Amino acid sequence: MLINSADTVVADALHGMAAAHPELDVDVERRVVLRRDAKTGGRVGLVSGGGSGHEPLHGGFVGYGMLSAACPGEVFTSPVPNQMLHAAAGVDSGQGVLFIVKNYTGDVLNFQMAAELAEEDGLSVERVLVNDDVAVTDSLYTAGRRGTGATLFVEKIAGAAAEEGAPLDRVAALARQVNESSRSFGVALSACTTPAKGSPTFQLPEGELELGIGIHGEPGRERRAMMTAREIADVAVGAVLDGLAETGGPADGPVLALVNGMGATPLLELYGFHAEVARILAARGVPVARALVGNYVTSLDMAGCSVTLCRADEELLRLWDAPVQTPALRWGR
Amino acid sequence: MLINSADTVVADALHGMAAAHPELDVDVERRVVLRRDAKTGGRVGLVSGGGSGHEPLHGGFVGYGMLSAACPGEVFTSPVPNQMLHAAAGVDSGQGVLFIVKNYTGDVLNFQMAAELAEEDGLSVERVLVNDDVAVTDSLYTAGRRGTGATLFVEKIAGAAAEEGAPLDRVAALARQVNESSRSFGVALSACTTPAKGSPTFQLPEGELELGIGIHGEPGRERRAMMTAREIADVAVGAVLDGLAETGGPADGPVLALVNGMGATPLLELYGFHAEVARILAARGVPVARALVGNYVTSLDMAGCSVTLCRADEELLRLWDAPVQTPALRWGR
Amino acid sequence: MRDAEFFRDWLEAAAAAVEREADRLTELDSPIGDADHGTNLLRGFTAVRTALAGADPSTAPGALLQLAGRTLISTVGGASGPLYGTLLRRTGKELGEDPEVSDTALHRALEAGVGAVAQLGGAAPGDKTMLDALTPGVAALGTSYRAARDAAEAGALATVPILARKGRASYLGERSIGHQDPGATSSALLLTALADTAEGTS
Amino acid sequence: MRDAEFFRDWLEAAAAAVEREADRLTELDSPIGDADHGTNLLRGFTAVRTALAGADPSTAPGALLQLAGRTLISTVGGASGPLYGTLLRRTGKELGEDPEVSDTALHRALEAGVGAVAQLGGAAPGDKTMLDALTPGVAALGTSYRAARDAAEAGALATVPILARKGRASYLGERSIGHQDPGATSSALLLTALADTAEGTS
Ligand SMILES: Nc1ncnc2c1ncn2[C@@H]1O[C@H](COP(=O)(O)OP(=O)(O)O)[C@@H](O)[C@H]1O
Ligand SMILES: Nc1ncnc2c1ncn2[C@@H]1O[C@H](COP(=O)(O)OP(=O)(O)O)[C@@H](O)[C@H]1O
Ligand SMILES: [Mg+2]
Ligand SMILES: [Mg+2]
Ligand SMILES: [Mg+2]
Ligand SMILES: [Mg+2]
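Protein chains in written order, with the working numbering: chain L, 1 to 333; chain Y, 334 to 666; chain E, 667 to 868; chain B, 869 to 1070.
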């Protein structure tokens, strides 16, 4: 691993972000990445965060038209309430703060504690849970669907609304709409290695893959013999469309598509995989309004990919297209 | 690997690029990625290309303010002259065409043949060779320094000049200036696996690394026991600065810095590595005018990184900052 | 009666156990989790040690546990940080400001602490979580410290055949069966540290 | 005299040899290259087969070789595509339009072809490239086809101890020593195919 030590990876990365992005206010001590102009805009503040190891999520999405602040935890470990409190205080300009929380027990509990404390400090805080991963059944018998690729859609679209000056309840409602309109499915071709453990989080023999994986190096729901990109796309897109069907809404409405790499899969392969995803969606009569292909919600050095689709109405498309200027997502300015 | 078959990876990826980037004209048959408006701008045409497996280089750099066209070869195999001829014809609007060629025997020979044929067809063609890798001694006893990370700087800055309407000789001169002002050094923490071979191109035991690698899965100049990010940065930045010193120019002038991932190294680690690079440059009194951290000139699923520095005068900085709108590099519009 | 020294000893013993077992906890968290439980608790209990060392010598048992709980919350993260933090904070609150507490009072306070964990996390015994060690372990405090340790250890072992319904392991469905829950294992360490401390001093 | 059929047979034998040895060529290209030489030539010679099958039966030897050379240039890429393409194109040009050519004419033409390769790539024998098999191999044609094959094979083997000065292997410096050059190996295949074809028909 390209590190100094397992203990310092997160702090080292924040030092690097500070050096590479003078336009951001990176508080290495308190572990918060903030927009420099977060407090001056009179906008709703958008705060997200989670374990590190999913870069560019979330720190790479801080900036104009997206997040106001991000709180990176240790690798695969949700951040602690102090970080979110500091972020909330740093971005609140009186319009209130939205916490965007991926649905993992740790993230939920820590953001919940932070929200309670922030409200004691007099801030208005709303929370939205992202839970788009169809590989997990959302029932009393699980911790619920995980938050994965849809986080990018939620952060981008809520960020655009906040940038436009939408009030907290509207930003939160849009964020919830995006989440409810999004579903994801992920596949691993290799396990990942956390700096602390130093060896793969699970054993995946050559020639096998894991279907229905999360983004924390956990194994998936099922192990199979290696499949072609086309076969994998069939399974993933099928699962996502089935999941979307359960949410209601028009089966042939336009979608935003994210073909996301888990970290170690070459972009060459991701584009080839996207060709299959696009082919299947065309065959199913689902128009792809916008597509994004790349490594956005990763799992360290895991090989594999995920597909996220979001049914987008005119308003969501407009907000998706709105200018954004962050380290990892940038257009329109 | 996330592929259908080794034979189809390049075509499949081009299909995916076509689907993901309607703003580009992707000719899957002829294997050329073009700007849709390449011929209408009255600009010098910029054509690059090389083996696939280095994505986003080059196809991801086609668009406003950067390349007019890219020619992807098979994985790690330079493209054939027909591709460059087709690209040249597709982008020439009478102002001439610049071929940006990484210094590998295959790329050099194929672009040379294409240039001869294009000139027979009446086009004005200039060629610029990129050869920035200090791990290779540039002497009669080698094929010369390899072209690696500096390619991005050359393509961006020459692209900005072309976009502004600079004539062919000026665009070529700037491209050469950027190349002569740039040096790189790369490190591998793992080998990569090509689709055709299906197994790692060389054996690198856990706990060892290769110093001075290229971007084609070839081993480096030297194998060492694993080093910390700080130690690796010391070696890499030291080698690059030594290489730059030989080119003359002010030792304390501002630089553009690219901390580039080889494909499988997590962005978290790349940022941590960049922190070390920035620290060393600060200690050496070299101001970093602009920094770019990410996977730009990759080697499939190789773990590792490279450092490229380019001594940049006011004019190069201005052209670096100029708007660019491509799949992989985008700012200012 | 148990004085502040006893609680310091307990937390120190817990920290030592976590240090010793951190790799094993992370290893248990690999097949059914995200391979960080040991690192998480090690970071937290190292901070607890520092916090306790800095705390006024006159700090009462309840305040010590609350301090430890707050420290875990602000340093661990993940699921286990808020849960263990809540366990200790709530237990500490129940103990009030008395400089010495009875075994009965500690038992009652721990029951309240475990209840707060169940409420915060929404889990119940049988879901393959820390509650599978905490609940029987604390219940057995009514008998003896030794019984509490044995019950907690048995509870942790008994998570092996369970299909997880809470926490990350629940994502695996059937594949969560056959693995011991890391949180239940660390809970058994905490109650073992308590029992060992009580036996060594009573 | 060698007619067009002879040249078709030679190129077919070369294509068959490349097909048989492709994995080995790629394997040789791994430690000192980029692991594509076998795939490159397989793609090229497969296209050559198709091109020859589509060529008018009356096509003369020189034109056949030029067609094969152009086909390699437009399908192989890499370093070997232009170099082998130039070898065949230049050899073909030298042969002119005669429907039959003598062994001496072929020898001269191949010498010109090898010269063109040296000029294009800027390499000389001893640099650890295809020239280390081509140059001695073609020179030995003055003696016999068998001698050409033996010299080419010996030349390929003799690249093992050489420190590379051209092509990718030169990036490795000292580490290029001890490996056989893939291009010299494929060149030996081409001259072996020539010798086998000549022996089979003479
Ligand atoms: N809802 C819950 N209620 C009680 N305990 C839980 C719950 N969710 C998870 N746990 C416990 O937390 C442990 C995992 O802790 P840790 O690995 O530190 O956090 P994370 O799962 O966030 O990585 C699990 O083994 C389980 O015992
Ligand atoms: N300058 C050169 N002159 C002659 N032969 C060369 C030269 N450079 C490379 N070669 C030959 O080409 C072979 C490699 O071919 P190939 O692997 O197909 O191309 P690439 O190196 O572009 O991947 C080398 O083994 C060597 O024999
Ligand atoms: Mg965790
Ligand atoms: Mg090659
Ligand atoms: Mg865990
Ligand atoms: Mg090669």
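Don't take each hint at face value.
[Unchecked claim] Stretches of chain B that chain Y covers, calculated by requiring three or more beta carbons in the stretch to come under 8 Å of a beta carbon on chain Y:
{"no.": "1", "segment": "896–902"}
{"no.": "2", "segment": "907–916"}
{"no.": "3", "segment": "937–948"}
{"no.": "4", "segment": "1034–1040"}
Keep in mind that the hints were calculated from the coordinates and are not lab data.
All figures in this text were calculated on a predicted structure; none of them were measured in a lab.
Glycine included, each C-beta is placed from N, C-alpha and C at the ideal position.
Any of the earlier hints contradicted here, and which numbers? Of the numbered hints, all hold.
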